[in-house]
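For the protein sequence lines, the chains are Z and E, in the order given. In this text, residue positions in the first sequence follow the numbering used here: the first is 1, and each later residue adds one. In this text, residue positions in the second sequence follow the numbering used here: the first is 1, and each later residue adds one.
If you're looking for bench data, these hints aren't it; they were derived computationally from the structure. Hints are not guaranteed to be accurate.
No copy is singled out in the list; a pair is fine if it fits within one copy or between any two copies.
Below 27 Å or equal to it, Euclidean Cα-Cα: the simulated DSSO-like pairs (lysine-lysine) are [to be verified]: (1) K263 / K326; (2) K120 / K229; (3) K39 / K323; (4) K39 / K418; (5) K176 / K263; (6) K442 / K263; (7) K418 / K176; (8) K28 / K176; (9) K442 / K210; (10) K120 / K323.
Since we're looking at a predicted model, the values are computed, not measured.
Number of protein chains: 2
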Amino acid sequence: MKLTPRLKEILPDDRVSTQPDQLEAVSKDESTLPPVIPKAVVWCIDRNEIVEVVRLCCNTGIPITTRGAGSALEGSTIPHAGGIVLDLSRMTRIVDFWPEDLQVEVEPGIIYDHLNDHLKNEGLFFPPSPGGSGDIATVGGMVSTNASGIYSVKYGGTREYILALEIVTGTGEIVKLGNRAVKRSSGYNLVELICGSEGTLGIITSITLKLAGIPEDRLKTAYKFPDEKAAAQAVSEMRRYGLDIAAIEFLDRRLMTALNKLKEYGLEEVPALFLEFHGPGAVLDSNSELAGDICTEHGASPLRLAEGQNPWEVRHWATDAVKHFKPGYTILRNDVAFPISSLPEMVEYCHHLGDENGITMFTFGHVGLGLLHALMLARPDNADEWRTAQEINRKIIEKTLSLGGTISGEHGIGLGHKDQFMREHGPAVDLMRRIKRQFDPKGILNPGKIFD
Amino acid sequence: MKLTPRLKEILPDDRVSTQPDQLEAVSKDESTLPPVIPKAVVWCIDRNEIVEVVRLCCNTGIPITTRGAGSALEGSTIPHAGGIVLDLSRMTRIVDFWPEDLQVEVEPGIIYDHLNDHLKNEGLFFPPSPGGSGDIATVGGMVSTNASGIYSVKYGGTREYILALEIVTGTGEIVKLGNRAVKRSSGYNLVELICGSEGTLGIITSITLKLAGIPEDRLKTAYKFPDEKAAAQAVSEMRRYGLDIAAIEFLDRRLMTALNKLKEYGLEEVPALFLEFHGPGAVLDSNSELAGDICTEHGASPLRLAEGQNPWEVRHWATDAVKHFKPGYTILRNDVAFPISSLPEMVEYCHHLGDENGITMFTFGHVGLGLLHALMLARPDNADEWRTAQEINRKIIEKTLSLGGTISGEHGIGLGHKDQFMREHGPAVDLMRRIKRQFDPKGILNPGKIFD
Chain Z
1 MKLTPRLKEI
11 LPDDRVSTQP
21 DQLEAVSKDE
31 STLPPVIPKA
41 VVWCIDRNEI
51 VEVVRLCCNT
61 GIPITTRGAG
71 SALEGSTIPH
81 AGGIVLDLSR
91 MTRIVDFWPE
101 DLQVEVEPGI
111 IYDHLNDHLK
121 NEGLFFPPSP
131 GGSGDIATVG
141 GMVSTNASGI
151 YSVKYGGTRE
161 YILALEIVTG
171 TGEIVKLGNR
181 AVKRSSGYNL
191 VELICGSEGT
201 LGIITSITLK
211 LAGIPEDRLK
221 TAYKFPDEKA
231 AAQAVSEMRR
241 YGLDIAAIEF
251 LDRRLMTALN
261 KLKEYGLEEV
271 PALFLEFHGP
281 GAVLDSNSEL
291 AGDICTEHGA
301 SPLRLAEGQN
311 PWEVRHWATD
321 AVKHFKPGYT
331 ILRNDVAFPI
341 SSLPEMVEYC
351 HHLGDENGIT
361 MFTFGHVGLG
371 LLHALMLARP
381 DNADEWRTAQ
391 EINRKIIEKT
401 LSLGGTISGE
411 HGIGLGHKDQ
421 FMREHGPAVD
431 LMRRIKRQFD
441 PKGILNPGKI
451 FD
Chain E
1 MKLTPRLKEI
11 LPDDRVSTQP
21 DQLEAVSKDE
31 STLPPVIPKA
41 VVWCIDRNEI
51 VEVVRLCCNT
61 GIPITTRGAG
71 SALEGSTIPH
81 AGGIVLDLSR
91 MTRIVDFWPE
101 DLQVEVEPGI
111 IYDHLNDHLK
121 NEGLFFPPSP
131 GGSGDIATVG
141 GMVSTNASGI
151 YSVKYGGTRE
161 YILALEIVTG
171 TGEIVKLGNR
181 AVKRSSGYNL
191 VELICGSEGT
201 LGIITSITLK
211 LAGIPEDRLK
221 TAYKFPDEKA
231 AAQAVSEMRR
241 YGLDIAAIEF
251 LDRRLMTALN
261 KLKEYGLEEV
271 PALFLEFHGP
281 GAVLDSNSEL
291 AGDICTEHGA
301 SPLRLAEGQN
311 PWEVRHWATD
321 AVKHFKPGYT
331 ILRNDVAFPI
341 SSLPEMVEYC
351 HHLGDENGIT
361 MFTFGHVGLG
371 LLHALMLARP
381 DNADEWRTAQ
391 EINRKIIEKT
401 LSLGGTISGE
411 HGIGLGHKDQ
421 FMREHGPAVD
431 LMRRIKRQFD
441 PKGILNPGKI
451 FD
């Protein structure tokens with residue numbers, strides 16, 4: 001019997017599709033990697049349906065690529081090995097909410113912003129805002145990639161907020177991991193093992209999250225620095241001083257050029273740090289004053305816009321400034337993270353590689369956590385240029401690893417970084433492979449992602 | 001050839017011992033569990049020696065119990081299955097120190113307080129202070145049990161600070177896990193898997209830690225509450241308000257009685273919360289005022305000692321007050337953690353069980369994290385009484401699990417909580433067993449701990 005009729009024995013007809021437009025829609029993500037058309041796409045709405053689908057696929061050896069919003073940046077949700085796409089975007093319920101415990105249980109398909117809309121009635125929020133994609137990213141996807149965002153400096157990444165998960169393993173077994181205790185020393189931390197595993201160990205059917213109180217007040221400041229070294233030293237000192245800072249964002253001097261081009265700000269073309277403080281008014285005044293003192297001691301002065309607008313507007317337009325800098329060019333990005341003291345060296349290395357090879361290069365990131373994105377502009381239809389940009393990307397990753405850093409600070413490995421994964425982890429990859437087999441002995445869960 | 005001569009082929013004679021006094025010293029930990037005398041104790045001083053010892057034991061099927069200071073509270077370091085004890089207390093080096101990155105690499109045997117003595121020259125510290133045992137606990141032991149302490153409310157537990165580990169697996173393979181990037185989305189988080197695994201997955205040979213800046217200032221306050229419910233609500237609200245509080249400690253009304261007996265404080269016998277704030281002066285003044293307002297709104301008033309001493313002195317003497325409350329009695333403790341809203345119910349449940357069965361019962365803990373220790377007084381030589389206390393302990397754990405909590409908030413499972421471990425984790429235990437086999441196929445690393 002063919003696959004589709006068997007899927008339709010499990011699910012209503014309208015939740016199994018082989019229509020070309022629907023298959024095409026789930027064949028890709030937000031990366032520049034080539035799409036792969038799956039055999040079918042199914043929408044499950046509860047754990048029991050997922051168990052049935054997994055059992056069918058396990059018995060017949062059909063790969064399953066689980067998908068939330070498809071906003072991944074490294075191909076994690078491309079159905080690389082064919083098979084079916086399991087779309088969880090209809091599992092959007094808030095299962096339980098315990099405001100007095102600062103905890104909520106949700107289904108994996110709930111969208112980040114929708115969850116926070118609900119939580120704000122109780123003065124709470126789920127902090128690891130996934131950059132500009134909070135309006136589309138699902139919480140399940142955030143768990144699968146250990147997503148982070150600008151506020152992760154203060155609040156941490158997704159992993160810091162997961163108390164419990166329910167998963168369906170590759171053999172169709174339902175397993176609950178963790179519980180509602182905020183601090184635990186009880187056996188192996190399998191919750192953490194699932195977080196960041198990009199759908200290769202299990203299909204997440206329920207997520208219990210820790211929450212934070214919405215800050216009473218927010219304060220945003222920005223400083224321009226004489227050079228990247230001064231900016232990096234200021235970041236290190238702010239952290240060392242134990243200052244409570246919600247966001248520490250960096251833009252390099254070249255982004256300032258691009259911003260001047262896009263918005264005619266007339267900014268001095270030097271690197272800048274953007275700081276945000278959360279808390280009750282008096283607390284954030286004290287913190288921001290101390291942070292300002294540290295920046296000033298490193299040669300910085302406040303970044304001011306001519307019109308007296310909020311200087312964070314500059315940060316807001318950064319990605320657009322890169323997008324519009326050279327019309328017809330595609331952005332090639334990476335996602336490295338390293339110890340903060342290497343920031344000046346890394347920025348200079350990226351600029352040098354770009355200049356040497358005639359590739360326009362920008363760097364920015366959540367440097368409070370040592371995250372830096374290098375953005376290159378190249379044309380996919382210019383084979384030499386595209387290859388050169390990819391070669392530069394590879395060198396930046398090599399440099400990062402030599403500094404004790406990681407290939408991926410927040411986007412995940414997916415397909416895009418598989419080649420370098422072994423270089424980062426060495427013999428540990430073999431342990432990961434063996435662990436995968438314990439969750440997914442037939443190798444049907446998102447095969448070919450992270451490692452082969 | 002016998003075991004000891006073969007160990008002496010690997011290690012100098014003076015680092016292999018079968019002397020009765022030395023075997024007796026490593027036969028136990030700080031729990032009330034019965035000691036087990038091992039065949040031999042060895043002291044390794046580098047990874048290569050450990051590899052050789054593990055290979056020998058792997059080939060001959062001899063169990064290895066790794067030991068730091070032996071300050072475990074649940075039998076994690078008792079050589080339960082015989083074999084050898086591998087003592088790492090001589091591996092105390094600081095391997096590397098990057099103050100500008102707030103990072104340090106250490107060997108596992110370094111003592112918590114010694115590490116912090118070294119770090120303070122650079123204004124840094126490793127925050128998860130392991131209660132009153134910082135002067136003996138090793139950092140390796142803290143990693144193995146995911147230890148925490150009073151400052152974990154602000155700073156988190158040990159797991160939040162581990163960037164990288166080097167381990168020797170049960171087959172003698174050296175594997176590096178993690179790296180120096182503070183935020184990562186790069187494959188399975190094996191660092192987190194080792195943290196809390198109590199020596200059952202690998203022998204830790206190196207630990208790279210994230211650090212924090214020593215707070216510029218500290219402020220300690222204390223409040224007495226009309227009842228446990230009011231105290232719990234105040235804790236929940238302080239967390240929700242996003243206040244930056246370093247420590248939130250709870251003592252029940254019975255501990256106040258014991259403290260009055262020990263120190264003649266003349267305290268009102270009602271529950272109390274002890275708060276500590278870290279940060280620059282202005283920041284902690286704002287935070288402590290807001291926390292004080294919240295406590296007052298819940299009927300609290302400042303706890304004052306007659307002599308005008310720091311009220312935190314009361315907290316300091318809590319364990320001694322229990323120890324001396326009934327001379328000749330032994331303390332039986334547990335280590336549960338649960339959602340904070342259950343604090344009043346749990347305290348009342350513990351008191352009720354104690355009263356009903358004639359067992360003296362105290363409760364206290366790091367309630368900012370939902371941790372509560374119930375301490376019972378019983379005599380091991382009074383079989384009925386000891387059994388009753390253990391039965392109460394079992395009931396408290398059952399109640400905790402029914403509230404979505406955990407058996408162990410900070411001490412680990414070891415031998416002491418193995419019986420209830422399956423109750424907490426269910427089918428996940430089978431996954432843990434299968435994962436252990438990938439690291440330790442012969443089952444020689446601390447066998448019989450956490451689960452069978």
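These are the hints, each one checked on the structure:
1. K263 / K326: within (15 Å within a copy, 76 Å between copies)
2. K120 / K229: between (39 Å within a copy, 25 Å between copies)
3. K39 / K323: neither (34 Å within a copy, 68 Å between copies)
4. K39 / K418: within (24 Å within a copy, 46 Å between copies)
5. K176 / K263: Answer is neither: 51 Å inside a copy and 47 Å across each miss the 27 Å cutoff.
6. K442 / K263: Neither: 54 Å inside a copy, 65 Å across copies.
7. K418 / K176: Between. Shortest inter-copy distance 19 Å satisfies the 27 Å Cα cut-off; intra-copy 29 Å does not.
8. K28 / K176: neither (30 Å within a copy, 34 Å between copies)
9. K442 / K210: Answer is neither: 33 Å inside a copy and 38 Å across each miss the 27 Å cutoff.
10. K120 / K323: neither (33 Å within a copy, 46 Å between copies)
Taken one by one, the earlier hints fail for this structure at numbers 3, 5, 6, 8, 9 and 10, listed in ascending order.
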